[in-house]
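Below are the chains, spelled out letter by letter.
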Amino acid sequence: MTTETRPAEPEVRDLERVTIRFAGDSGDGMQLTGTQFTRTAAVFGNDISTLPDFPAEIRAPAGSLPGVSGFQISFSSSDIHTPGDAPDVLVAMNPAALKTNVGDLPPGGALIVNSDAFTQQNLNKAAYASNPLTDGSLKPYTVFEIPISTLNERSLEGLDMTSKQKDLTKNFFALGIMFWLYERSMDPTLAWIEDKFGKRPAIADANQRALKAGYAFGETTEIFHTHYRVAPANLGPGTYRNITGNEATALGFLAASKLAHRPLFYGSYPITPASDILHQLSGYKNFGVKTFQAEDEIAAIGAAIGASYGGAMGLTASSGPGIALKSEALGLAIMVELPLVVVDVQRAGPSTGMPTKTEQADLLQVLFGRNSDSPIPVVAPATPAECFDYAIEAWRIALKYVTPVVYLSDAFLATGAEPWRIPELSDLPQIGVENWTDKATFQPYARDPETLARRWAVPGTPGLEHRVGGLEKADITGNVSYDPENHHRMQLLRHEKVARIANDIPALETHGPTSGDLLVLGWGSTYGAIRSAVERLQAEGRSVAHAHLRHLNPFPRNLGDVLTSYRRVLIPEVNLGQLLMLIRARYLVDAVGYDKVRGRPFRIAEIHEEAERILGSLASRSSASNIGGRAADDR
Amino acid sequence: MTDEAASMTDPTNGHEPAQPALSPENAEIIKLTRKDFVSDQEVRWCPGCGDYSILAQTQKVMPDFGYPKEKIVFISGIGCSGRLPYYMNTYGFHTIHGRAPTLATGLKAARPDLMVWVITGDGDALSIGGNHVLHSMRRNVDLKMIMFNNRIYGLTKGQASPTSEFGKRTKSTPVGTVDTPIVPLTIALAAEASFVARSVDTHTEHLQQTFNRAGFHKGSAFVEVLQNCNIFNDGAFRDFTDREVREDRMLVLEHGKPMIFGKDRNKGIHLRGLHPEVVTIGEDGVTEADLLVHDEQAEEPYLALMLSRMFWPDFPVPVGVLRAVPRPTHDQLIEDQLTAAVAAGGEGDLEKALFSGETWTVE
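The listed protein sequences correspond, in order, to chains A and B.
According to the working numbering, the first sequence is numbered sequentially starting from 27.
According to the working numbering, the second sequence is numbered sequentially starting from 24.
Pulled out of the complex, with its shape left as it was, chain A reads as follows (with noise of 0.2 Å):
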């Protein structure tokens, strides 16, 4: 079938980047909805980057406000870096979603609200004390009132269904109408719903119908004056496809097994927002990949380090709670010197907090959030593609220092999607570690004199039988030892270890000026928003570089040089200043901080208003030839 034959032809304009947010109620479908637009986006060769945004409850009290599911989508022809700071159009299939969504869309933006959801009902359970379609608070936007659910039943007359269950099929209108409005193909979404619902023809046949009747109402209506069309982005050559952090951290350890030529082992206990990944590596299978879900996670974390000792790559995952969980059992993998991956995809707030929301603030918890000084390297890819990389570094690392190491990503980059240039087998790096053997020169903690790592023999092993465990162990022969000597050696060892990663890993580049008047130093999910209002400063002329840190333990060894060379570092990060509060203690650098903590990513527009205001003082203060030093101004 094809959707380019159309009878009219009406105005269209080029466009270089498009935001739209689908809002609606989390069981309208919203979050389907998003990821279907985003796939017919990538695959026509958009750029894009997403931003899902859902309640953690499965299903909040329909038409209620914490009930309500968003998925926002930004696509470009140009290389784009974030979800966008501010959708430019709002589709709102209730007025709960209208009312909690409407503050982001700027003055102008285009509005499409489902008119019939728009009942004396739902706007109580709104909170709306008047109706917003009517009361004119919707002037300052290009309002497009349509009755969705109407037009869509009327599409499905004479299909044997109930009236709740087509009603259901609604968000396929709505995405109908926004691929007409962005010149998008259908064909996609239409091969998806026959491969899902293929079992089912009904409801097949009604989600199809649903589509392609959102499409023709936006074709043959005339409240749409234009269209629109985003040219595919230059990308580079190379084969894409559309992937989530989760995914790519999946993927990455599945490529990470097979380079090292080791099984993986997953334990895991399922937590928001890491399950995705325990549930991408059960079907893996076929691969020799064993997942088991455990009774919780100290038993995920148990098994792990039991596998690995078996000789297998232990793998865990969680969230910053469950990582709580895990901590003793961490220490324990410290101790004995096995090679484990421990992934915390961090979610906001202490306890429960917000689930499913985005922070980055456990990153002092798996640097510090132990007994004792134990030193654990810990990596953090910066965008959802990153992911792939940096569970291949992880393994990289815990395989050739014997270690244990600690993944940081998050819930923006976990559920987050961008076009991924799928990479060459060959192009992957060569990691791995050979197990001891030989009877002759084998002591437990006997070390490798470069990397530290301890020589490691797995159970199987003839003559090279040994106990290890949590009790300090003595250097080389690895048994038990309550020596003072012995114990202060065996830690400066263990830190030592770690710290010379630091001459095997890349150093830390700069985008924009190797010196000048600002730095912006990230890590994490923060990549997009730093990178993007650094290149819009850099096209204002100013003096500004941004460098972001993929490793946070051991720092990469020109860290210190980077900070020294700009007159300012302003460190904005998700959480109330942590690597703020590790440079400045380390370098000794006056470095500034940007904290935002609300469950949600930066906007571009916020940093770059902070790096000006910061660069404002700068010169306001050369200016007044201020000889006083460290200004209290800055913050």
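Mixed in with the good hints there might be a few duds.
[Said to hold, decoys possible] The list that follows gives simulated cross-link-like pairs (lysine-lysine, DSS-like), each with its CA atoms no further than 30 Å apart: (1) Lys-375/B <-> Lys-426/A; (2) Lys-225/A <-> Lys-311/A; (3) Lys-54/B <-> Lys-222/A; (4) Lys-58/B <-> Lys-465/A; (5) Lys-225/A <-> Lys-192/A; (6) Lys-225/A <-> Lys-165/A; (7) Lys-241/B <-> Lys-54/B; (8) Lys-426/A <-> Lys-92/B; (9) Lys-190/A <-> Lys-125/A; (10) Lys-241/B <-> Lys-311/A; (11) Lys-241/B <-> Lys-286/B; (12) Lys-192/A <-> Lys-125/A; (13) Lys-375/B <-> Lys-465/A; (14) Lys-375/B <-> Lys-225/A.
[Said to hold, decoys possible] So the derived list for chain A, only partly shown, Cβ under 8 Å to chain B, looks like this: (15) Ala-239; (16) Ala-242; (17) Gly-332; (18) Gly-495.
FYI, nobody ran anything at the bench for these hints, they're computed from the structure.
Since the structure is predicted, the reported quantities are computational estimates derived from the model, not experimental observations.
We put the beta carbon where it would ideally sit given N, CA and C, even for glycine.
Fit chain B to the supplied structure of chain A, relying on the hints for placement.
Leaving out everything else, chain B in the frame of chain A:
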């Protein structure tokens, strides 16, 4: 299978011994003795501790199973029992409090070729690690769990444990504990353990037989060893384990045999309604035919559960195997799924996985 695929499933870099394990025939070929299982570490339990006997019997039965030393792993938690792996000349892992079953689960899943023993105590297994005992048993992880039950916290110097008697006065409960004790065997049975047994530290021959049975069981084996802590809870089991009284106060279970005990072999267990009672053969017309016959292989564990609740002084204390039933092991079930996945879709192809879903190409 390609070399690469072979090495993917062989983390020992090809050091798999050719001979099959876990068979008495193999034990004949390997010909190990107790001495082979004694490590060079000095044993450091309190003089007179029941742990010495448990260690000795463990070392004695190890040659029975036909596993070479390097294929045996002892995993322990925290407590006095936790030190045992250091004294075994096998692979050993002294882990953290209560979590030994979790490491054993992962190890056995990753390495089905190994024989895995878990050494634990009443506090380690039933207090801090209760959850893991429960779940390792229900999964039928192929591990042999030996739980030293001395009804006290020894390593931390004498606090009440989950098996301490109600009202027991200890350092942490100076006027008596207000907690009702739990029965380890009942817990194991409730958790669907496929092998459940009890023995006593000083009954060396019975202890060896019990360990031997546990070692040959495929699946989760739970063995409670009544162990005397002569420092903090001396004589906890003396009333029925002492040589002079044990025949009258303990019931040695044997599969298929009537439940008879006593010096004169004239006492037995009869079932009245839903409750067991002690009867004397020859009194009130009671004959051997009136006694319960032990069946460790019963599909449902009613009988084993009843036995687990019997204790001195109301009843003789049952020792031996309460339950031993076949059930697929956790590691085998996992392997079967992997094999089925390969049979259905072929060996995994990384390139295909990377390129899965919708892709598009930019020239």
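Against the structure, the hints come out as follows:
1. Lys-375/B <-> Lys-426/A: Since the Cα atoms of Lys-375/B and Lys-426/A sit roughly 27 Å apart, the hinted pair holds (cutoff 30 Å).
2. Lys-225/A <-> Lys-311/A: 25 Å, holds
3. Lys-54/B <-> Lys-222/A: Since the Cα atoms of Lys-54/B and Lys-222/A sit roughly 60 Å apart, the hinted pair is violated (cutoff 30 Å).
4. Lys-58/B <-> Lys-465/A: 20 Å, holds
5. Lys-225/A <-> Lys-192/A: Answer holds: Lys-225/A to Lys-192/A is near 18 Å, not above 30 Å.
6. Lys-225/A <-> Lys-165/A: Cα-Cα ~46 Å, so violated.
7. Lys-241/B <-> Lys-54/B: The given pair, whose Cα atoms are some 22 Å apart, holds under the 30 Å limit.
8. Lys-426/A <-> Lys-92/B: 28 Å, holds
9. Lys-190/A <-> Lys-125/A: The hint holds at about 24 Å.
10. Lys-241/B <-> Lys-311/A: Holds - the C-alpha atoms of Lys-311/A and Lys-241/B are around 24 Å apart, at most 30 Å.
11. Lys-241/B <-> Lys-286/B: This hinted pair is violated, its Cα atoms lying about 35 Å apart.
12. Lys-192/A <-> Lys-125/A: Roughly 25 Å separates the two Cα atoms, so the pair holds.
13. Lys-375/B <-> Lys-465/A: Roughly 41 Å separates the two Cα atoms, so the pair is violated.
14. Lys-375/B <-> Lys-225/A: 26 Å, holds
15. Ala-239: 24 Å, violated
16. Ala-242: 25 Å, violated
17. Gly-332: 3 Å, holds
18. Gly-495: 3 Å, holds
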